[in-house]
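Visitor: Take a look at the letters that make up each chain.
Number of protein chains: 2
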Amino acid sequence: MDIKTLANRGVLGLHPYQPGKPVEELERELGIQDIVKLASNENPLGLSPLAKTAIEAATAELTRYPDANGFYLKQKLAERWQVTAEQVTLGNGSNEVLEILFRTFVSPDSEVIFDKHAFIVYALLTQSVGATAVPVASKAWGHDLEGMLARVNDKTRLICIANPNNPTGTYLQPEAIEAFLAKVPSNVLVVLDEAYYEYVKPEQRGETHQWLNRYPNLIISRTFSKAYGLAGLRVGYALTSADIADLLNRVREPFNCNSLALAAATAVLDDTQYLEAGIALNQKEMARLESYFKERALPYIPSVGNFITVEVGDANAIYQALLHQGVIVRPIAGYGMPNHLRVSIGTEAENTRFMAAMDVVLAQR
Amino acid sequence: MDIKTLANRGVLGLHPYQPGKPVEELERELGIQDIVKLASNENPLGLSPLAKTAIEAATAELTRYPDANGFYLKQKLAERWQVTAEQVTLGNGSNEVLEILFRTFVSPDSEVIFDKHAFIVYALLTQSVGATAVPVASKAWGHDLEGMLARVNDKTRLICIANPNNPTGTYLQPEAIEAFLAKVPSNVLVVLDEAYYEYVKPEQRGETHQWLNRYPNLIISRTFSKAYGLAGLRVGYALTSADIADLLNRVREPFNCNSLALAAATAVLDDTQYLEAGIALNQKEMARLESYFKERALPYIPSVGNFITVEVGDANAIYQALLHQGVIVRPIAGYGMPNHLRVSIGTEAENTRFMAAMDVVLAQR
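Taken in sequence, the protein lines are chains A and B. Its first residue numbered 1, the first sequence is counted upward by one per residue in our numbering. Its first residue numbered 1, the second sequence is counted upward by one per residue in our numbering.
No lab work stands behind these hints, which were simulated from the structure alone. There could be a bad hint or two in this list.
A pair holds if it fits inside one copy or across any two, identical chains being indistinguishable in the list.
30 Å max Cα-Cα, derived DSS-like pairs, lysine-lysine [what the hints assert, rightly or not]:
hint, residue 1, residue 2
1, LYS183, LYS4
2, LYS76, LYS21
3, LYS183, LYS139
4, LYS52, LYS4
5, LYS4, LYS76
6, LYS76, LYS116
7, LYS76, LYS139
8, LYS52, LYS76
9, LYS155, LYS21
10, LYS4, LYS155
11, LYS183, LYS294
12, LYS52, LYS139
Using the sequences and the accompanying hints, generate a full structural model.
Guide: Structural data, given as structure tokens:
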């Protein structure tokens with residue numbers, strides 16, 4: 001009996017998500033120290049002090065199950081975004097928000113539309129529920145909304161839009177998205193994945209949560225893993241109509257966000273200083289990296305996120321060579337971009353290390 | 001457009017899991033303090049000091065994503081249970097282990113067999129993947145293995161066995177389970193849910209992980225939420241063949257266990273003193289509660305877990321009356337047991353509070 005024959009449709013074709021190489025793994029493999037990781041678009045500032053205090057306070061109660069309903073965090077998110085708590089669904093990272101969404105609405109006879117160079121989890125989840133992926137070619141590395149609309153048919157259940165997009169850093173203006181939503185049939189769900197929302201300059205940032213009343217088929221997904229600096233704790237959330245949230249919460253497992261995650265996320269929402277310092281650092285350092293790439297004549301894709309994607313030729317070779325310099329960046333051949341590397345914006349010192357390592361590697365070519 | 005019509009088969013029939021009432025919720029609702037919660041089979045001893053230290057040490061790195069592969073925890077579990085790390089799958093609580101299992105192997109044309117009074121999550125997950133539930137009547141509140149075998153047919157994909165069972169506390173001897181496994185067709189998976197494994201007396205505890213080589217269709221599920229006192233952090237795991245683990249890990253989302261959960265679980269495995277103190281307390285206090293129920297002529301189901309289920313007549317009325325005394329226990333009408341209450345074994349003081357409250361409530365009848 002080969003157990004593999006018992007797996008559900010789609011499972012055998014799945015290849016697990018490839019995360020950025022952890023620092024500890026590189027230490028184990030190459031025996032080197034003082035490693036700089038710019039591979040997973042993490043906040044380089046370290047943990048918010050408010051989050052740290054909240055974690056310490058919540059540690060005493062860890063033998064108890066978490067609040068299955070995330071009462072306080074939902075209340076706070078609802079206030080912040082002017083929705084009701086019944087419109088919020090919490091996830092173990094926004095990855096789980098997306099997973100719950102697929103499991104609730106997408107079945108083997110559904111089609112799911114997404115950009116060819118968008119976040120790879122859309123393709124993985126489509127495969128894992130046995131549905132059909134409809135990847136749409138990009139336009140200047142960004143979403144081609146007209147092209148996506150043209151692929152909508154009777155089987156389309158979900159359209160995924162990452163804005164800003166990962167790994168390209170491109171951005172669709174709110175007006176373009178709203179015009180798109182107005183054209184999508186009401187029986188097709190649209191998830192607007194705004195994991196990098198906070199990095200968009202305020203004057204360009206859409207108040208997309210205010211669209212929920214007008215577009216009951218809209219799902220907004222956001223996260224605490226990026227600008228809020230809680231990647232290690234796994235908290236994401238969806239803002240939707242109360243009807244969609246009701247369905248998502250039926251599929252969501254209880255206790256999906258753990259007690260320390262809930263405590264830290266609730267606290268960090270108040271840490272405006274931390275949030276703004278991270279955004280300011282990101283803008284300043286993004287400009288430095290852009291200048292560096294220009295000087296070295298390396299084409300890059302202008303990015304509104306906390307990372308920048310640059311064309312380097314044989315990206316895998318450059319990636320490997322950088323590892324030997326103690327610098328971890330992200331190869332994105334899995335996104336159909338074998339000539340690009342994605343580089344997270346780190347601290348000033350980390351970015352300096354990256355540029356120095358890059359110079360060494362470029363000189364070796 | 002009614003969005004509910006877009007939900008997958010099974011979703012509309014789902015009712016979310018009803019957790020034990022949180023202490024804070026009762027405080028909010030009744031405005032009372034000094035509440036005793038004996039509703040969720042949590043470890044009453046408070047957090048292991050080794051876990052606490054590990055959490056403090058790991059907090060500094062929380063802006064980083066967790067180790068997606070749980071390298072150190074898997075290594076340690078593999079050593080402990082004499083399996084390889086490739087046979088371990090980590091879950092966000094054993095609830096997620098079960099969820100991954102269902103999503104990997106159970107489809108809408110599958111049947112899933114479980115005991116009528118077993119852990120309710122089996123029924124919820126069966127419903128959520130749109131499969132058919134085959135509940136089997138219990139024998140003296142425990143699993144009827146012969147009865148379960150008799151229901152196996154061509155559509156059977158999974159049999160769930162909770163041992164010890166929750167909420168009844170009954171226990172199947174290892175020999176009985178192994179004889180059962182020998183009769184189950186090799187294309188039918190059997191999950192042995194051992195969430196309460198550590199509370200079984202050592203001389204009765206089966207070395208079930210040693211069966212994995214003989215029964216490639218066996219899945220053992222265990223947790224850190226009970227005897228290890230980490231319910232708030234959500235860590236469970238499956239021990240299986242490497243083939244099954246490979247499939248489960250394709251479906252598992254990356255980073256499903258967060259960094260503090262991984263750190264605490266890895267540390268607490270070394271805290272033998274904590275584990276044994278909890279088990280000793282449980283045995284001593286279980287005996288006190290049994291005596292109490294005997295004195296009050298309340299029939300109870302003998303339990304090998306860290307909880308005891310007692311017949312009280314109109315259980316919901318007694319549950320509500322206990323709430324007003326500041327004591328939270330668990331009504332289990334949802335398990336088809338409307339006359340029973342499940343009471344977790346607490347500290348000596350907590351159990352004394354429960355018994356005093358129970359006396360007040362019984363006198364009111």
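Visitor: Give a verdict on every hint.
Guide: Here is how each hint holds up against the structure:
{"no.": "1", "hint": "LYS183 x LYS4", "in the structure": "between (43 Å within a copy, 21 Å between copies)"}
{"no.": "2", "hint": "LYS76 x LYS21", "in the structure": "between (34 Å within a copy, 21 Å between copies)"}
{"no.": "3", "hint": "LYS183 x LYS139", "in the structure": "within (19 Å within a copy, 59 Å between copies)"}
{"no.": "4", "hint": "LYS52 x LYS4", "in the structure": "neither (44 Å within a copy, 40 Å between copies)"}
{"no.": "5", "hint": "LYS4 x LYS76", "in the structure": "between (45 Å within a copy, 27 Å between copies)"}
{"no.": "6", "hint": "LYS76 x LYS116", "in the structure": "neither (35 Å within a copy, 40 Å between copies)"}
{"no.": "7", "hint": "LYS76 x LYS139", "in the structure": "neither (38 Å within a copy, 48 Å between copies)"}
{"no.": "8", "hint": "LYS52 x LYS76", "in the structure": "both (18 Å within a copy, 28 Å between copies)"}
{"no.": "9", "hint": "LYS155 x LYS21", "in the structure": "neither (37 Å within a copy, 42 Å between copies)"}
{"no.": "10", "hint": "LYS4 x LYS155", "in the structure": "both (29 Å within a copy, 17 Å between copies)"}
{"no.": "11", "hint": "LYS183 x LYS294", "in the structure": "neither (39 Å within a copy, 69 Å between copies)"}
{"no.": "12", "hint": "LYS52 x LYS139", "in the structure": "neither (42 Å within a copy, 50 Å between copies)"}
Figure legend: structure checked against the earlier numbered hints; hints not met, in rising order: 4, 6, 7, 9, 11 and 12.
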